[in-house]
Structure formats: C-alpha cells, structure tokens
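**Q** One letter stands for each residue in the lines below.
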Amino acid sequence: DAGVTQSPTHLIKTRGQHVTLRCSPISGHKSVSWYQQVLGQGPQFIFQYYEKEERGRGNFPDRFSARQFPNYSSELNVNALLLGDSALYLCASSSGSIRLGEKLFFGSGTQLSVL
Amino acid sequence: QQQVKQSPQSLIVQKGGISIINCAYENTAFDYFPWYQQFPGKGPALLIAIRPDVSEKKEGRFTISFNKSAKQFSLHIMDSQPGDSATYFCAASGSGGGADGLTFGKGTHLIIQP
Numbered sequence: 001d002a003g004v005t006q007s008p009t010h011l012i013k014t015r016g017q018h019v020t021l022r023c024s025p026i027s028g029h030k031s032v033s034w035y036q037q038v039l040g041q042g043p044q045f046i047f048q049y050y051e052k053e054e055r056g057r058g059n060f061p062d063r064f065s066a067r068q069f070p071n072y073s074s075e076l077n078v079n080a081l082l083l084g085d086s087a088l089y090l091c092a093s094s095s096g097s098i099r100l101g102e103k104l105f106f107g108s109g110t111q112l113s114v115l
Numbered sequence: 116q117q118q119v120k121q122s123p124q125s126l127i128v129q130k131g132g133i134s135i136i137n138c139a140y141e142n143t144a145f146d147y148f149p150w151y152q153q154f155p156g157k158g159p160a161l162l163i164a165i166r167p168d169v170s171e172k173k174e175g176r177f178t179i180s181f182n183k184s185a186k187q188f189s190l191h192i193m194d195s196q197p198g199d200s201a202t203y204f205c206a207a208s209g210s211g212g213g214a215d216g217l218t219f220g221k222g223t224h225l226i227i228q229p
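Chains as they are written, first to last, in the numbering used here: chain A, 1 to 115; chain B, 116 to 229.
These are calculated hints, taken from the structure and not from any lab test. Watch out, some of these pointers could steer you wrong.
[Said to hold, decoys possible] Subject to a maximum C-alpha distance of 20 Å in a straight line, what follows is the list of computed SDA-like cross-link-like pairs (lysine to any residue):
1) K120/B with R176/B
2) K157/B with I26/A
3) K157/B with F105/A
4) K221/B with A87/A
5) K103/A with D168/B
6) K157/B with T9/A
7) K173/B with E102/A
8) K173/B with L100/A
9) K221/B with L39/A
10) K157/B with A87/A
11) K120/B with Q44/A
12) K221/B with L88/A
13) K130/B with R176/B
I would like the entire structure built from these sequences, with the hints used as guidance.
**A** The following block contains the structure:
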C-alpha cells in the first residue's frame with residue numbers, strides 16, 4: 001500500500017511568490033495535517049483537516065492556508081513567500097484522532113527553498 | 116514559547132549500550148506523548164507513545180518512562196544498534212479544541228558507534 005505521498009519533492013520560489021503543495025493521504029485516512037520543519041528543528045504544526053473541515057490551526061500567519069478535498073487529499077497554500085518560509089513541509093495522515101489511539105503517518109515532505 | 120524541551124541535542128552511544136533522551140513539557144493539558152524517529156530525507160515515523168495514566172510503556176527495545184508530577188518523559192533504547200542512528204523527536208498533544216496538532220521538541224541526533 002502507498003504511504004502518504006507529497007508533491008513536488010523539491011521546489012524553488014522567489015520572495016513574494018505563492019506556492020501550492022499537495023498531499024495524498026493513505027487510502028482510508030480522513031485526517032490530514034501539515035507541519036513545517038526548519039533545518040535542525042522539530043516539525044511545527046500548521047493545520048489539521050478532518051472530513052474536509054479545519055480542526056486545528058497552529059501559530060502561523062494568514063499567508064498560510066489549506067483545504068481538503070472530497071477524496072481527502074489536501075493542498076497547502078502559502079502567499080507572499082518570505083525567505084523564512086524555506087523549510088521542509090510535511091503532510092501527515094491518520095484514520096482518526098491520534099489521541100484516541102490512531103497512528104499518524106508522515107510523508108517524506110516537500111523541500112521549499114525561497115530565494 | 117517552547118512547550119516541549121528536549122535534551123540532549125546530540126548523543127553518541129556505543130553499540131549495545133542504552134540510549135536515553137529526555138523531554139519536559141509545560142502544558143498540563145497535554146495527554147498524549149509520542150516519540151518519533153526521523154532518518155535523513157524522510158518524514159518522522161512513530162516509534163512509541165504513552166498517555167499520562169501510565170508510568171512506563173515498553174515495545175521491543177524501546178521504553179518510555181513518564182513522570183506526571185515532574186512533567187517529564189524519556190525514551191530509553193536498549194541494546195542500541197548502528198541502525199538506530201537517526202534524529203529522535205519527543206512530542207505532545209492535547210491542548211484541547213478537538214485538534215490533534217503535535218508540539219515537537221527540537222530533536223536529538225543519535226549516533227550509535229559500532
């Protein structure tokens with residue numbers, strides 16, 4: 001079975017541009033979360049979606065937005081890119097709440113470089 | 116504000132030894148504490164997790180010890196092997212609101228010397 005798949009794997013953008021990152025969860029998983037991992041740091045929570053509804057949002061500016069589609073895939077959008085947005089963006093999926101015992105599975109991420 | 120503090124930042128252990136990584140948290144609303152392992156170029160993978168009503172959980176060579184009163188938890192890797200060389204992250208969740216968002220520590224870079 002395929003794991004969490006993310007596209008593209010690498011991306012180079014210029015300051016001020018916008019970017020769209022895509023994620024396909026494991027088949028049957030209805031929850032998708034997005035994390036930002038800056039080099040040398042732990043992942044930082046951006047969003048969680050469950051059944052196409054936003055369930056949680058981390059401490060990120062409004063330049064970051066996301067959505068989940070009827071097939072449970074998801075997009076993360078970042079507008080007006082800043083140099084500090086350069087990071088590995090991780091998507092993760094689960095079949096339900098991890099706090100109720102479900103496992104969270106991460107993709108390998110999209111490496112975004114902002115020049 | 117860093118809500119989960121992890122130490123040490125890096126750790127070198129001889130093959131067959133015990134690797135110990137520690138974490139401390141501040142938010143008493145946290146009720147789920149997982150450990151993740153990450154290899155270069157890969158996303159984190161869940162190793163083991165614990166809830167605050169349990170003081171210890173063991174899965175194979177990996178053990179979590181949890182001290183609720185001290186707000187601390189630790190990962191012990193027994194009989195450490197070179198294949199265990201990776202970055203390890205502690206995390207916590209449960210700040211309420213129905214979301215599962217994890218708060219991660221900064222990570223420990225573990226090297227197991229043969």
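**Q** Look at each hint and say if it fits the structure.
**A** Do the hints match the structure? See the list:
For the suggested pair K120/B and R176/B, the alpha carbons sit about 24 Å apart, so the restraint of at most 20 Å is broken. As the CA atoms of K157/B and I26/A are separated by approximately 16 Å, the hinted pair is consistent with the 20 Å bound. A threshold of 20 Å between alpha carbons decides the hint, and for K157/B with F105/A the separation of about 11 Å falls inside it, so the pair holds. At roughly 15 Å between alpha-carbon atoms, K221/B and A87/A fall within 20 Å of each other, so this suggested pair holds.
A C-alpha spacing of about 19 Å is found between K103/A and D168/B, which places the hinted pair at or below 20 Å, so the restraint holds. Between the alpha carbons of K157/B and T9/A the distance comes to roughly 11 Å, so the proposed pair stays at or under 20 Å and holds. Among the hinted pairs, K173/B with E102/A is consistent with the structure: their alpha-carbon atoms are about 18 Å apart, no more than 20 Å. About 19 Å separates the Cα atoms of K173/B and L100/A, which keeps this hinted pair within 20 Å; it holds.
Between K221/B and L39/A, the direct Cα distance comes to roughly 10 Å. Compliance with the 20 Å bound is thereby established for this hinted pair. Straight-line distance between C-alpha atoms of K157/B and A87/A comes to about 14 Å, which keeps the hinted pair within the 20 Å bound. A distance of roughly 14 Å separates the Cα atoms of K120/B and Q44/A; the hinted pair therefore holds under the 20 Å criterion. Using a Cα cut-off of 20 Å, the hinted pair K221/B and L88/A holds, with the two alpha carbons roughly 15 Å apart.
Distance hint between K130/B and R176/B is fulfilled; the C-alpha atoms sit about 13 Å from each other, no more than 20 Å.
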